[in-house]
Structures are given as structure tokens and as C-alpha cells.
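Number of protein chains: 4
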Amino acid sequence: MAKIRVGVAGYGTIGQRLADGVAKQEDMELVGIADMAPTLAIRALYEQGMPYDLYLVDGADKSKFDEVGIPVKGSFMDLVNNVDIMLDSSPAGVGLKNKINIYEPAGVKAIFQGGEKNEVADVFFHGYANYEKGLDKNYLKLTSCNTTGLIRTVDCLDRAYGVEKVAITIIRRVADPGDYNRGLTNALKIDQAPTHQAVDLMTIMPHIDATGILVHTPVTHGHIITVVAHGKQKITKEMALEAFSKHPRIRILRIEDGFQGNASYFKYGRDLGHKRGDMYEVGLWENSIVESGDDIMYAMVIPQEAVTIPETMDGIRAACHMQETREEATSTTNKYLGIGKFRELGLG
Amino acid sequence: MAKIRVGVAGYGTIGQRLADGVAKQEDMELVGIADMAPTLAIRALYEQGMPYDLYLVDGADKSKFDEVGIPVKGSFMDLVNNVDIMLDSSPAGVGLKNKINIYEPAGVKAIFQGGEKNEVADVFFHGYANYEKGLDKNYLKLTSCNTTGLIRTVDCLDRAYGVEKVAITIIRRVADPGDYNRGLTNALKIDQAPTHQAVDLMTIMPHIDATGILVHTPVTHGHIITVVAHGKQKITKEMALEAFSKHPRIRILRIEDGFQGNASYFKYGRDLGHKRGDMYEVGLWENSIVESGDDIMYAMVIPQEAVTIPETMDGIRAACHMQETREEATSTTNKYLGIGKFRELGLG
Amino acid sequence: MAKIRVGVAGYGTIGQRLADGVAKQEDMELVGIADMAPTLAIRALYEQGMPYDLYLVDGADKSKFDEVGIPVKGSFMDLVNNVDIMLDSSPAGVGLKNKINIYEPAGVKAIFQGGEKNEVADVFFHGYANYEKGLDKNYLKLTSCNTTGLIRTVDCLDRAYGVEKVAITIIRRVADPGDYNRGLTNALKIDQAPTHQAVDLMTIMPHIDATGILVHTPVTHGHIITVVAHGKQKITKEMALEAFSKHPRIRILRIEDGFQGNASYFKYGRDLGHKRGDMYEVGLWENSIVESGDDIMYAMVIPQEAVTIPETMDGIRAACHMQETREEATSTTNKYLGIGKFRELGLG
Amino acid sequence: MAKIRVGVAGYGTIGQRLADGVAKQEDMELVGIADMAPTLAIRALYEQGMPYDLYLVDGADKSKFDEVGIPVKGSFMDLVNNVDIMLDSSPAGVGLKNKINIYEPAGVKAIFQGGEKNEVADVFFHGYANYEKGLDKNYLKLTSCNTTGLIRTVDCLDRAYGVEKVAITIIRRVADPGDYNRGLTNALKIDQAPTHQAVDLMTIMPHIDATGILVHTPVTHGHIITVVAHGKQKITKEMALEAFSKHPRIRILRIEDGFQGNASYFKYGRDLGHKRGDMYEVGLWENSIVESGDDIMYAMVIPQEAVTIPETMDGIRAACHMQETREEATSTTNKYLGIGKFRELGLG
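Residue numbers (our numbering), protein chains in the order written: chain G, 1 to 348; chain H, 1 to 348; chain V, 1 to 348; chain F, 1 to 348.
Simulated from the structure, these hints should not be mistaken for laboratory data. Careful: at least some of the hints might be erroneous.
Intra- or inter-copy, both count: the list cannot distinguish identical chains.
Cross-link-like lysine to any residue pairs, in silico, SDA-like; alpha carbons within 20 Å at most [stated by the list, open to error]: (1) Lys275 <-> Glu291; (2) Lys97 <-> His274; (3) Lys24 <-> Gly338; (4) Lys232 <-> Ser75; (5) Lys133 <-> Gln192; (6) Lys246 <-> Tyr336.
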């Protein structure tokens, strides 16, 4: 079978990682990436010898790339015309314009990230929770980083024991490492409740009642979410741990092993030698799981930069009908991304 | 009636505020404060002209005070022998030694802060939740800052509608402003669950099932706690808001008024002209109150430096039997501390 | 002599403190303050019983004040027509419009803060460095917080021993406490050199060659500046300390006393019982003074929220010719603001 | 020629990177690493399939490694007896004990990191500044991260134009990413001057007069140092830039390219795909270089986790007399570490 040909629009924090993720999928081919300006991300690509071909979106000034000596392969249309599906990680709002002006006319499928409005897509997608709904669709929108990680754990409990209700508290990292555009200094900031991640969860999993509160914190390495979940039956600590321990995209963390918080998890990814120190799995603390009467409560860390990459790969598989079922699709994605090895080794 | 004579041991973050709180109670007299070394807090007292008399605890080197020119009134025993009750805010563990070696032999009552073990006291005390248990007792221990604020809101709902269960998430400020001994840099840190504040709540309110998770964050101005509470009856958003809006030690905050987070609340205290910018009330965001099925969820901010002061004044009232009931005691404390004026003005 | 009548435009971080500063000057009268919206600062004023009269600037929606119950005294023109001089701490750029459209037509003097362009004023002013230049002028512009504090120390050395050249490093706090509009998370940020504070110093003190580098840091309590100064003669550590120790607006700090950094200085202001915990003096570490060959190097902390208030009071004195000389003017300001008492007590 | 056999003691932040650095040197062989407990760093090694052999230091509990399934190759003595030279990155103070008890009896050379006292070694070493002094020595001590980076730039100017005097301001990151043992929250902290880095510079370069001030800041990604240098002749901005632009271990940064501060530099390392996102070069901002009369001033960023690795490799070359001159040694190290490619591509 021919490899699925994939392009990436927007080579920022997410776009860089989408490109790397596609490059690892042996049944896909990364045709190239498109961007606007010779950002540090593009300069870093150049310093590495241009492993990915670069295309320029409309309005880009090619002379700025020439000044540095960065080679350009072609225009955005050259890229789009040469792929089966685009992964669009453009700034929020640009994705919709791209869909209308470029992808639809070119007859090319696309997957959008969480910054776009839901209306951009046929399906609001999560690889584990609703893979089958994405099959053969032209336009998918991925859940945001927090929602992606959250749904992994709720879907995990739901399939094992049934979940009726969740109340979440999101302790949000306010900016990514190196992001100078957003910031918060010595302050916690609260948002209007309910937080959109709870609303989004209900869109994907309409049989669950979800609400929650979000508080921004001045850190860069990973959101922490606490979940109070009410099951169809009482879910004990042991039952929860057993279910989580089987999910390939959830690592079980223990404080006594050294996982003291989100920064330990970030450091671990770096020490693993992962590119950029990224982690695809969420981390879930065994030490955090407690029973609240009939409810079960737990806390997880969401490595926000990379957590949506696996589910986006699943999305390509669904939209292009590469696999029939969520089991086949997610396990293929996992294999190519190296997810799950930690469990074979008895780690987490 | 003669004024109750009060001394303060340990003039740190809490001790300074206890002294100020007592000084405002017209039916109490602050006899003096005791400390060990000419800290910045003591130097600031000296720069203000020694409004409070200073006594030295055992082991203090008086020559260090003489060098600066700070006048010393007497020894710790001089202070203890001259009071009805001591407020002990010494470093953790010292309170127990003081009790055994000094307060008991001298026949003086004492109130300890949250850092001491529960065993130090006859009653683990909260002005609103169990005032009557403290009546005539010799030794009380106050709840910690988080627990004090948390119980205000849970007790408030409990008395109005009945509460059976709470699951809390504490987003903890890791250090006070100016504290160079503790710190956390670009990291969230998780503790073993259940967090002690939930356990402490159950000690004070044994009819409620409580659990929770605590995450430390690198900020200095106020903890934020989210609470998921299950009532004996369904508590709606309107019911919760109505109950909270009547509690003198709870301010209702609105994001649209400018209360964006804990730092806004701290700034507001400073702009009010309060000494040190302190706030005695917890802030509770109207924007945070959401229903989770039959449960009610909300978020509050705990101004950690001053929040326990009112309940400690209540404790003096209980131990010395100054008032018979919680209503009388708390309203007297509130009057002298200026608590509640905001509500008369229609603010929060 | 009749009191000088003063108004304040813009009741933000600086405007609040300007109003308090004027209210303390016994030879001035604070007629009122003007603002746009019922901000938290205005609500705090209301909660305190409106110690200052409130006037509304053009475009303000009075109904928003009525909703809260905040009394309004009149319009901005009502205020301007009733004063001798306005202190304008409006958002950057608004001051110039106010000057052209309001102050000049009304024949009212004004002092602008550092956010306005130099062209707004007749003189770029510093109470200690060029008081006499401000005499009888209609429009003054104050130096910014960093420049104000920096010039205090450089002018101090210059008058004592002669200074020819300074090279400064500004370690800037990125936002004020409670400021949610600016931020920086786990990052240092560097600006194009030379930093404007060095350029501004040369405008005020043209006989000195100044340059420097500024780095923003994610803290809220006070800038730290290091200075490498080259004197007309060699300035030893002892000579520098002697000069600094005589300046009423410079406190000498010692690490061993507990002044470990900018946060200790902020805490000390709070513990002094100063309104909002403000400090008018800069702090200069004795521990930081070192000789670099013939140069002298030292570090100071700038309490950015309040440091410009004394020099602004000096500015009123100059513009309204209340005193003839810098010595008379600054000592009068100091007396009313309580500056210098620390030295009489042998503190710093 | 046989490869030089190298061992690493202490697999922490520095030890991990030393091991990786040695593994890249084609004329060296990494025999193994030694540590005490199954830390996250060791678990990460295990998850990667044990690319480096693990030896246990005395006192380690092997059963803890067995529990996880981490294979152990042998004892610390097994490692030491099998190498030509040890790189000791044990906790401060342990290095000296290792030297006396283990390395000297075994007749094995060793290089210590900045945490040890100078007395531990025959030479206080920097690859560029005093390579020849290290030739054939048995024990070297490397300069600390700040000093290593600082000396690169001062030595660079010194060799080009002669330097007589430097006054430095170190804006220090207070903890490494993931370090939960140290911290600082919303505070700058000042140290007693002169800072040890200036003193250390004078030990290595005794012909230069150096002093300076250090301020700790609550960030994790790289120190920033400003330098005011006085040359034997006037060094202009152009002269300084020309010299810096030829040094392989100095990258020239421009704010307009996106290098806004230390966090951009850290992010760039991650985007380059470097292991752990590490950078071996210091970054020096062209935008920061200014003339201060006859002096030259500039600012650089020190990527603290990896910056000493190249100079440690140089140290092995000196101690084992692998190359005769600094030019040969540093260029060999650079070649194997991939340092300098950025310049061939016209980047920095």
C-alpha cells in the first residue's frame, strides 16, 4: 500500500512535533512543512540540514529566507497539491481560511488543532474516545492538550467500569518554555467556570456530565489536572489503578521514584533522550488516587507540547481509513512512536 | 470587666499579625511579644517606636538587641507571668516545649498554631465550626490557614443545607512574600494524597467525609482551593451563593470587577490601606460556582498570612469564656477587626 | 501662605501613591483624583469611605459608578479648574493630550510621569539632581522609577567626589504585584542596549557618560541595579559608603540583618506598617560595594511602586516655587513623608 | 593509538552530560558510569536499554536496582580499575574523598567539577585559558558553569586585544529544570560581593583584575552575565564583535532573530534536536555590546547544564597529553561535539 502523503502548515510548537510524529510513521510520508518567516524553529531546521522540505505560505517574504541561506522548496499550493492530508497548526483562525480557500478547492483532507472553532471540522476527534466517527471524514478537529490527556483517563475508566460524571480542576501551565508572548508573574489566575475542557469532553463523550474550574499558574512544564469521577459502580483505588496501568498512553508515576511534579516529568523526557525532551504519555500519580465516598479522585500531568501528537496520528489513520478500529489504529501509532516500551520494562 | 491580658510568643509572619489582631480587640490587652533575635520584623517594630513591648525568650542574646538600640522589657517568664493567655506562634515543635516547661507550670492558657501537633491541645479549634468545644479549655490548637478558610465555606453550606462529603484540590502558594527559606522555581509539586487539610476538616467536622489533593505552585499571594461538595439535599448555584453572601468572613469576588486571581486580592488589601495589605476574609469567586450533577463546586482564595487571625481571636474568647456562643464571639471579633463593612457597602 | 492645590489624573499604581503623598504634605491640599472606571483601586477608595474626592474623566460611564454606589464629585474640568497643578499619571500618551486639550487652555501646571515622551515637558526633572531647573516651569516630566533611584546614588557620589562615567546593569522586575497585563514565566528577557535609563541619566546629568544593559526578570518586588562608576578621583569603598550613608533617600542594607534581596525589602515596608507596604527610599547593599581598580561598583534595590513619589513632591515645590533650593525642597518633602527617621534610629 | 578509557562518577545533571560527551569523542571510550541509587536519571538510562554500563558506588543498595530490573555491571572499584581517568561529578566534597581513598591508591587520574574545593586538584583548569598548564597533570578541577562561559569571552578579548580589568554582574538562574531541592519564588537574592566567579577568573588569568556582584533569579534556563571590560587598548564594539565571531564556543545572538532571552536559547537547543536540548556554546548578544568610554560592555547567556562539558573534554586531553596545544585540543573536542557547524552555515 502506498504511503499516505502528509503536509504540515505552521511550524510552531505543535507543527514541529507533528512533522516529527509523521516522519516516524512508517506508513506515512512527510512531504514538507509550510511557514511564513525564518523563525528560530526554521533556523534550527536549517542548522540540522533541512531534514524536512520547506514551503512558503502566501505573504511570506522569500528574501528573508535567502538572506540566511535557507532553501525553499516551493509554495504552499505546491505542498497542498502534493499531499493526501494536511495537518494545520496555523495560528487560531487561519485554519478555517485555509480550509475554505485552499484545502476544499484542492480536494485535500485536513486535521485542525484545538485553537480552531469546532465548526471548522466534520468531527471533533479523539483517537481513543471516538476513532470510528473520524473514519473517511474530510475534516477533523483535535481536542486541545488538556482535553486530550483528560479524555484518555476518563475514557479508560469509562470503558472499564462506566463513568457518569466528572468534576475537574485544571492547574494550567500558562506558557510553553521559550514563549515570550504570554506570561504570568507571581500570580494565579482564575477563568470563568465551567472551563471549556469539561464542555469539550461532553461533546466527545455525550453520556458523561462534566464541569470544572481552571486556574492558570506561572510555570511552563505541564498542566496538572485533578479529576473527581463518579462511576456507574463504585470504582475503588485498586480498580482505577488497574485500568490506568493497562493504557499505553498513561504512565503511572510514584513520588518515591522521584516524580515530584510536572518538572520531574519534563526532566525525565529530556533524560530519555527524546527529541526536545517530549513525552507523548500523560503521567498519573499512584499517590494521588483516593476514594471520595463512591467517587474516585486522581491527578495527572499533561505534557502540553507533545500530548496531542499521537491522537493526531490516529486522526490521519481515521480520515484516510488506514485502519478500521481504534485498537488497530492506536496500536499502530503507538508502535511507530515508541509508546508502551516503558511498560514492557516494568516502568510505570 | 477587666480586659483579658494576652502575650504573643514568636514575632514572625503569624505572630506579628496576632499581636496586631489582639491590639484591635477592645476587650483584650496586648501585654507584649517575645522573640529570639533582632530580626527584620523586630527592627521594623523598633523603627515604629516600639508600639509593643518586647520580651526575650531563653537563649536570646540581649547584646544583639543592644547593638541596634532596641529596648527590651523583660524575659519570657516576665511576659508569661503577666498574662491570662499566650498565643504561641513559635517555630513548629517549640510550642509543645513551651507548654510543658512554661505555660503549664505558670498556670497560663495558650493557643497554638497549625504547625504544632494536635496532641499539644485539648481541642482542635475553629471559631465558626466548633466554638463551644473551646469554652474554658486551657489549650487550643488552631487549624492551619488552608483549613481555616476551607472550613468557613464548608461550615457555611453545612449549617444552611447540610453537607455530607467534600473533595478538594488545593493549589498552594509555596512561600510567603519575603520568605527565602522555601521556594519552587518553574515547577508544580504534588503531595501524597489525601492532603492533611481534608483530614483536619474531618477532625473538626466528623460528620463530613473529606479527601483531596494538594499541588504546590511557585507563587506567594494566597492559596486557591476548589471544592466539590455533596449536600444532604441538592445545593444549587443560587443556594450556595446565598449562603456564602451572608458569611462575614467570606467575600464574594467577581472576575469582571477586576478580581482576576490571588494577586488581585492581595493588591486589593494593600489598596484598602490595611496594615501589611492583609485580608482577614477569604475570597470566593461567584464565577467559579458550578453544579456537577447533585454536587456543587466552587473556588476560593485563602490569604494565608492573616486568615487565621480572626479564628484565633475567637479562640481567646472561647478559652477565656468571654462569650457564650459562636454568634456572640465571632461577631465581637468581627466588630473589632473591621470585618463585614464591605458587605454593608454592597461590596462582595 | 495658602496651600498649593493639587489634583491627580489616573488613579492607578502611581496615581494612588501620588494622592497619598500629596495628602501628607502639610503645605499642599489634595483637591481630588480623576479616573475612568470603577476599578479595584476606586472600589478600595470607596470601601475606605472616599477619603479623596473622585472626578470623572471624559468618556467615563457614570452609571457604572452609580451601580456600585460610588459617589462622584464632578467632571475632570471641575477638578482641573480648581487646582494649581495636576499630577498626571494617566496611561502613556494620554498625558500629552491632556496637556494640549486641558491643562494649557486652563492655565494649569502639570507634572507627568516617566511613561510620557520628554517633549511633553519643559524640563526632565529629578528633585536632587536638577531641582533649580524646575523652578517656575509649567510642565515637568519625572524620571522613571529606575532612573529616579539610580540618579539618587549617582548624584550622591557626584556631589561628593565627582563622577565621570557609569555602566549599569538593570535587573528589572517585569510587573507590579497584581498586574495581570504583563508577565514573564521562567524567562529572562534582554533589551536592545544601551538601556533608556542610561540615556535618561545623561539628559539629566549631561556631564556624565552613561550606558547599560537591561534584563527583565519574573518577579514583582523591586528592580536591582548594579552600577560601575568611574570618579574624577578614585572612590574607595569607604568613601562611597560614607556618602551614601548621609543621603536621606538611600537606606544602607546588610545581608546579615536579613535583607537578602528585593523581597526582604518589600516585606520590611509591609512590616513597618507603611500604606501598601511602600518604601520611598532605595536600598543599597553595603555587602555589594566593591572596588574595580579605580572604579567603584555597587548594587541597589528600587521599590518601583513608590520611589518616584518624593521626587514628584519635589517637582510640585519647584514648579510652584515653594522653595528656592534643592536642600530646602527635598528636606521639606522628606519631613512630610517621614523619610530619614530610620537614620536617626541608627538603622541603615 | 589506543582510546583513552574514561569513567564517570555521579550520574546527575553534569554526570549524564559528561558521559554523553565522552561517548561522542572518537578517541575516547566511555567504560561506564557509577551512582548510588535508582534515580530517575538511572531509570531513564534503563528505559533506553542501558547504553552505558552501570557500576555501584560503596553504600549503594543493589536490591533497589534489582527491584526495578536495572542491570549492574560491577562495583566502583571495578570501574576505576578499568579506566585511565575518572570524571568525578559526585556531590560537593565527595570528590576529595574519592581522590584520597580511591583514585590516588588506584593510580588513576581524575577531573573534578566546580563544586569541589580548588585544593582537590593540581590545576584549576579551562580549556581555552590555560590548557598547557593541565598537560600530564593527575588532577584537574574544572571552572564552574558561569566561570567557564565568562572566561571564554574574556580570554577571547584578551588574546585579541589585551584585557586588564573586568567588572561583572551575574544574573543567576537559581535551579536547574526539575530541581526540587533549591528554589526561589518571586524574589531576587543578592550574595556578598565580590562573587566567587570573579575571584576564580583571577586564579585562572592572574594578569586580570576582576570583581563582581551576583543576583539569583527565579528561573531555570541559563544565567545571564554582563561584563564591563577594560582593555589594554580601547576595544570598540566592532573589534569586540569581530573577536567573538571567530570563537567556536561563542554564538552571536540577535534579538531580531528571535533570541529574546535565556528561554529562547534553551528552546533553540531543543528545536535543534540536541540531546536534552543542551547547548555547549555560550550565547552573546550583538544587541548588548556597547562602549562605556574606553571600556566595552556586553551580555551573554550561559547554558548551565552543558557548558562545562567541552572544557572537561579538553581537560581529559590535557591530563592524558592527547594533544600538545590548546588549538589542537579544543578543535578536536569541538569536532567530536559538533561545535562550530552553526558558523559554517552563517548562523551566529
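Given a CA cutoff of 20 Å, do Lys232 and Ser75 count as a within-copy pair, a between-copy pair, both, or neither?
Classified as neither; 53 Å inside a copy, 54 Å across copies.
Have a look at Lys97 and His274 and pick one of within, between, both or neither, based on CA distance no larger than 20 Å.
neither (34 Å within a copy, 35 Å between copies)
With 20 Å as the alpha-carbon cut-off, assign the pair Lys133 and Gln192 to within, between, both or neither.
Classified as neither: same-chain Cα gap 31 Å, cross-chain 39 Å, threshold 20 Å.
Could you figure out if Lys275 and Glu291 sit no more than 20 Å apart (CA to CA) within one copy, between two copies, both or neither?
For Lys275 and Glu291, the Cα distance exceeds 20 Å both inside one copy (37 Å) and across copies (40 Å).
Is it within, between, both, or neither for Lys24 and Gly338, if the alpha carbons may be no more than 20 Å apart?
within (9 Å within a copy, 24 Å between copies)
Regarding Lys246 and Tyr336, is the shortest C-alpha distance of 20 Å or less found within a copy, between copies, in both, or in neither?
within (19 Å within a copy, 42 Å between copies)
In the structure shown, a violation is registered for the earlier hints numbered 1, 2, 4 and 5, in ascending order.
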